[in-house]
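Visitor: Could you use the hints to bring the two separately framed chains together as a complex?
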Amino acid sequence: GNSVTQMEGPVTLSEEAFLTINCTYTATGYPSLFWYVQYPGEGLQLLLKATKADDKGSNKGFEATYRKETTSFHLEKGSVQVSDSAVYFCALSDGGGGSEKLVFGKGMKLTVNP
Amino acid sequence: DTEVTQTPKHLVMGMTNKKSLKCEQHMGHRAMYWYKQKAKKPPELMFVYSYEKLSINESVPSRFSPECPNSSLLNLHLHALQPEDSALYLCASSRLAGVHEQYFGPGTRLTVT
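Respectively, the protein sequence lines represent chains F and B. Just so we're aligned, residue 1 is where the first sequence starts under my numbering, counting upward by one. Just so we're aligned, residue 1 is where the second sequence starts under my numbering, counting upward by one.
Chain B with its partners taken away, still in its complex shape (with noise of 0.2 Å):
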């Protein structure tokens, strides 16, 4: 199983709304990612957890919170958005942090009205 999976799909929410979302993998990865992508843009890192630990934070506005509740789940809190946050919201995993590839899951649309 080289599957990671993310909830929601699709996400509309008002700007002072509080919303999460969800990555879950049980590739028995021990890094996990979230990244932003705008359209026909590249991922852009915003956090990197590894062993469960917070490991990177690239300056993400504090209206951006990740979680890693354990090994397999990573979520992403989310309050006070701005439109500007509207983006594809991308979860990674490896199997550690550092050189080895990173698989992704499909994804988040995420606007902010």
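Chain F extracted, bound-state conformation (with noise of 0.2 Å):
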């Protein structure tokens, strides 16, 4: 079956510090790829998307290259920031065969220092 894993963390950063998350996946057909993130107390927020290969997802600083080769989604951002502080999930969805679930990764706590 569709399974996600991702670096589990915590990581503690300084601010400015380089960020990388990697996350890998195993799917049979050609899934669609989020990363969300779960500020503290809050629900999940769509952080950015790739809907297939080579496709690149970003937003607010933060970047993901969907790599069918080596089926990986590794979250990057060049300077995190203390707001960056949260839980950040890879997941996938691979809507084929009628499926309509999303399978997340185990998460990966963040937390930036000033």
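What the hints contain is simulated information worked out from the structure, not anything from laboratory work. Check the hints yourself; a few may be wrong.
Said to hold, decoys possible - Here are the simulated DSSO-like cross-link-like pairs (lysine-lysine), alpha carbons at most 27 Å apart as the crow flies:
#	chain 1	residue 1	chain 2	residue 2
1	B	K22	B	K36
2	F	K106	B	K36
3	F	K101	B	K22
4	F	K60	B	K53
5	F	K106	F	K68
6	B	K40	F	K60
7	B	K53	F	K101
8	F	K101	B	K38
9	B	K18	F	K106
10	F	K77	F	K60
11	B	K38	B	K9
12	B	K36	B	K9
13	F	K77	F	K106
Claimed, not checked - What the simulated footprint calls covered on chain F by chain B, stretch by stretch (three residues with Cβ under 8 Å from a Cβ of chain B suffice, anywhere in the stretch; the number is not a length):
#	stretch
14	33-45
15	103-109
Glycine included, every Cβ here is placed at the ideal spot set by N, Cα and C.
Guide: Right, dumping it as structure tokens:
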């Protein structure tokens, strides 16, 4: 079945540090890939998405590229801020065969210190 | 408007109580979802509604009863819950069920005493 494996952390960085959160997936079809972010005490927010190979999703300085050859969708940001402290979830959606599910990774908690 | 709203924000209920969670979206989405999220875990899918019809029930106990009165509203009726049902309950919607991105509400923090 479909699955997502991501770095679990927790990770602590200093402000302006470079961030990479690794995410790899297993899927039988051609999934869409997503990064969601959950700030403390809140629901999930869609951060970015990519729907086909070589697509790059970007938002708020975050980027991720859909790499079919390595089945990866790593999240990067060049300079993190304290406000980026949150839990980050990688997810895939494979609508093939009538599936309507989002499959999530376990999430990674990021803390950014000033 | 890309907002999904949920009420109440917090709910404390006893094991013999009956309560309901409410979710609303006005984005014209035709798929709506209930998730349960325990601390430090990803959300777990409970139910999917597509065009106001229940399309997925992830073997959820019958003490959780979903209802979709119209395309904008989704309810979750709760009865005879157990303390282990305490969690954050998230509602989400998407344009259609399947590959389209899901938009989540802020959640209802449920505590069962």
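Visitor: Would the pair K53/B and K101/F pass a check requiring their Cα atoms to be no farther apart than 27 Å?
Guide: holds, 16 Å
Visitor: Under the criterion that the straight-line Cα-Cα distance not exceed 27 Å, is the pair K38/B, K9/B satisfied?
Guide: OK: K38/B and K9/B at ~16 Å, within 27 Å.
Visitor: Checking one constraint from the list: CA of K60/F to CA of K53/B, max 27 Å. Satisfied?
Guide: The hint is violated at about 36 Å.
Visitor: Please check whether the stretch 33-45 of chain F has three or more residues whose CB lies within less than 8 Å of a CB on chain B.
Guide: The restraint on the stretch 33-45 of chain F holds, since 6 of its residues have a Cβ under 8 Å from chain B and three suffice.
Visitor: Take the stretch 103-109 of chain F, compare each residue's beta carbon with every beta carbon of chain B, and decide whether three or more fall closer than 8 Å.
Guide: With 5 residues close enough to chain B, the hint holds.
Visitor: Within 27 Å, alpha carbon to alpha carbon, are K106/F and K36/B?
Guide: holds, 14 Å
Visitor: Given the hint that K36/B pairs with K9/B, test it: the Cα-Cα distance must not exceed 27 Å.
Guide: With Cα atoms ~14 Å apart, K36/B and K9/B stay inside 27 Å; holds.
Visitor: Decide if the proposed pair is consistent with the structure: K77/F and K106/F, CA atoms, cutoff 27 Å inclusive.
Guide: holds, 20 Å
Visitor: Quick one, are K101/F and K22/B close enough, alpha carbons at most 27 Å?
Guide: holds, 21 Å
Visitor: K40/B and K60/F were given as a pair; does the straight-line alpha-carbon distance stay at or below 27 Å?
Guide: holds, 24 Å
Visitor: Is K106/F within 27 Å of K68/F, Cα to Cα?
Guide: holds, 21 Å
Visitor: Given the hint that K77/F pairs with K60/F, test it: the Cα-Cα distance must not exceed 27 Å.
Guide: holds, 9 Å
Going down the numbered hints, you'll see the structure goes against 4, 9, while the others check out.
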